[in-house]
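Participant: Chains as they are written, first to last, in the numbering used here: chain S, 461 to 775; chain R, 461 to 775.
If you're looking for bench data, these hints aren't it; they were derived computationally from the structure. Keep in mind that a hint or two might mislead.
Since the list gives no way to pick one copy over another, a pair counts as held whenever it fits inside one copy or between any two copies.
Simulated crosslink set (DSS-like; lysine-lysine; CA at most 30 Å straight-line) [what the hints assert, rightly or not]:
id	residue 1	residue 2
1	Lys569	Lys620
2	Lys748	Lys631
3	Lys748	Lys646
4	Lys631	Lys569
5	Lys646	Lys521
6	Lys620	Lys646
7	Lys631	Lys646
8	Lys462	Lys748
9	Lys491	Lys748
10	Lys631	Lys521
11	Lys569	Lys748
12	Lys621	Lys748
Number of protein chains: 2
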Amino acid sequence: MKLIDLSSVERVCSIGGGPIGAGWAAFFLSKGLSVKAYLHSEREEDSFRSMIDTAWISLEKLTDLVNVNLDLIQVSTDLDDAVQDADFIQESAPEILSLKQDLYNHLGKIVRSDVVICSSTSGLTMSEIQAHCQTAERTVVAHPFNPPYLLPLVEIVGGKKTNPEAVDWAKNFYERIGKVPLVMNKEIPGFIATRLQEALWREALHMVVNEEATPEQIDKALINGPGPRLAIQGQCLAFHVACGEGGMATNLDQFGPALKLPWTRLHAPKLTKKLRDSMVLGCNDMTKDQDFQSLALERDRKIVEILKVQKTNAS
Amino acid sequence: MKLIDLSSVERVCSIGGGPIGAGWAAFFLSKGLSVKAYLHSEREEDSFRSMIDTAWISLEKLTDLVNVNLDLIQVSTDLDDAVQDADFIQESAPEILSLKQDLYNHLGKIVRSDVVICSSTSGLTMSEIQAHCQTAERTVVAHPFNPPYLLPLVEIVGGKKTNPEAVDWAKNFYERIGKVPLVMNKEIPGFIATRLQEALWREALHMVVNEEATPEQIDKALINGPGPRLAIQGQCLAFHVACGEGGMATNLDQFGPALKLPWTRLHAPKLTKKLRDSMVLGCNDMTKDQDFQSLALERDRKIVEILKVQKTNAS
């Protein structure tokens, strides 16, 4: 298998006009890469450009953007044109298996053979997606965390037909452009971060359906409790450190039996209309007069600051 | 029911020489309160004082400590002496129900009747703890999040015999000293934050036992993915904002069916020796040459910075 040298990657194609596709496009551009974005329809272009502008506000604070400007993003609604000359493909199309399978079937024929194709999928596996692709060996999952232009995590895993060299290439590529790639041992649905988030989310939904907590109480608890710590220490290290000299051993030996307590529910709750409405109303109550745009800007501004705090890690 | 005026609270008693009791003692002192700490044994005093010193490093950065100094903490191993003259009691004794029941039985007789007694318990309910207390009406759960001198959350809930006025009093007291009290609707094991954390933790343990992820991968995923965002936005608001104009409604309508996917495991995993050892070794690998003290200091320094970032909320 012959893949393009990392140092030769200059042009990338970002497939998809949603928040993930736009986020990736902005991020790649901020790293000095030339970006061509494929949109399904010209009607997506305004919202795509608007998301790029939002991302740029944060990227300017995090990156030294010499000789980089937003005009270098080209947009195309012709897939063959969009991937032509691309040295790397980031696919962020809708999460519909048949759609992705057809897309990879086509990409497999038109994308240069030395180019790695990465999927942003959060819920599908590459073994499924690559099923009808004739050049599946260079297809890899590279799942970002929203917002992809800010959060460093990229979970990387190949499918059954993926060549391990393509996985390595992807890992090195993301590392080179300043992401934190996490190569997984196994293909599991939801990867790591989304599974953990989903476990927390299911419990939150159970609490709401049982009227034990409102969405506002849940968020208040997270932001003022585990949240600030989880930005600094993962749950394993947090418990390790909380137990002092005894560390994780003390944690498990002393609190292990608590795993059998009736903490957290077993199944995902049924998503009834009542539960749905409770969640929607709860969130609307919390945001009141603030619109989505200002909430996102506020979120991003603070994540920038937290990332700066995290970067002092090496001290 | 006649409780002491909040403005008259000057002397507090912190029961317990562990990280929670010491953390509360340091926090109360930083707020200008005079503190008497009850320790079970004189042998606890050195580690108690050391934890106070550690907490103080962060408290100095967060609070204006005029006319406050560490010498104002008095230590006693005589419970009756420790609670005498106290205007408020924070109990952080070991999490053993019979021990706490006996303690509250005794406290109920010796603590002034206008004084509220709050428990830091994370796993027991006040209805259980207050069972043998003759003055149970003024006993309340006030559960902090570790480290209690830094993280603002205090989850508050009364037991069956608690007078709602005591719950109100506790809420107002914590608010007055700069905490974020969260009064719960119902007594549920683990309250809100710990339940959410426990759900995430169980899933993490499942991943480790199935060799899908190591503790290091789990922490890497959290710190570089959901962590920085959870310090800024709770999970409800994060999903609400991530879905753009459609908000939580779009989230549930579009991704609701994903709740049925095989994401996250159903039961807590069996805590086998193998799982235990994998967790312990994984954490030791991560920390290598760093000792507990320096890890805790590093954690605290960053949480301080994140709390500063969070305080810009009002903008």
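Participant: Next step is simple, just say for each hint if it's right about the structure.
Facilitator: Status of the hints after comparison with the structure:
1. Lys569 with Lys620: within (19 Å within a copy, 69 Å between copies)
2. Lys748 with Lys631: Intra 42 Å, inter 25 Å, cutoff 30 Å: inter-copy only.
3. Lys748 with Lys646: between (43 Å within a copy, 26 Å between copies)
4. Lys631 with Lys569: For Lys631 and Lys569, only the intra-copy Cα distance (24 Å) is at most 30 Å; the inter-copy one is 65 Å.
5. Lys646 with Lys521: Neither, since 36 Å and 44 Å both go past 30 Å.
6. Lys620 with Lys646: within (10 Å within a copy, 48 Å between copies)
7. Lys631 with Lys646: Within one copy only: 15 Å inside, 47 Å across.
8. Lys462 with Lys748: For Lys462 and Lys748, the Cα distance exceeds 30 Å both inside one copy (54 Å) and across copies (38 Å).
9. Lys491 with Lys748: neither (37 Å within a copy, 33 Å between copies)
10. Lys631 with Lys521: Answer is within: at 25 Å inside a copy they meet the 30 Å cutoff, but 39 Å across does not.
11. Lys569 with Lys748: neither (49 Å within a copy, 48 Å between copies)
12. Lys621 with Lys748: For Lys621 and Lys748, the Cα distance exceeds 30 Å both inside one copy (49 Å) and across copies (37 Å).
Comparing the model with each numbered hint stated earlier shows that hints 5, 8, 9, 11, 12 do not hold.
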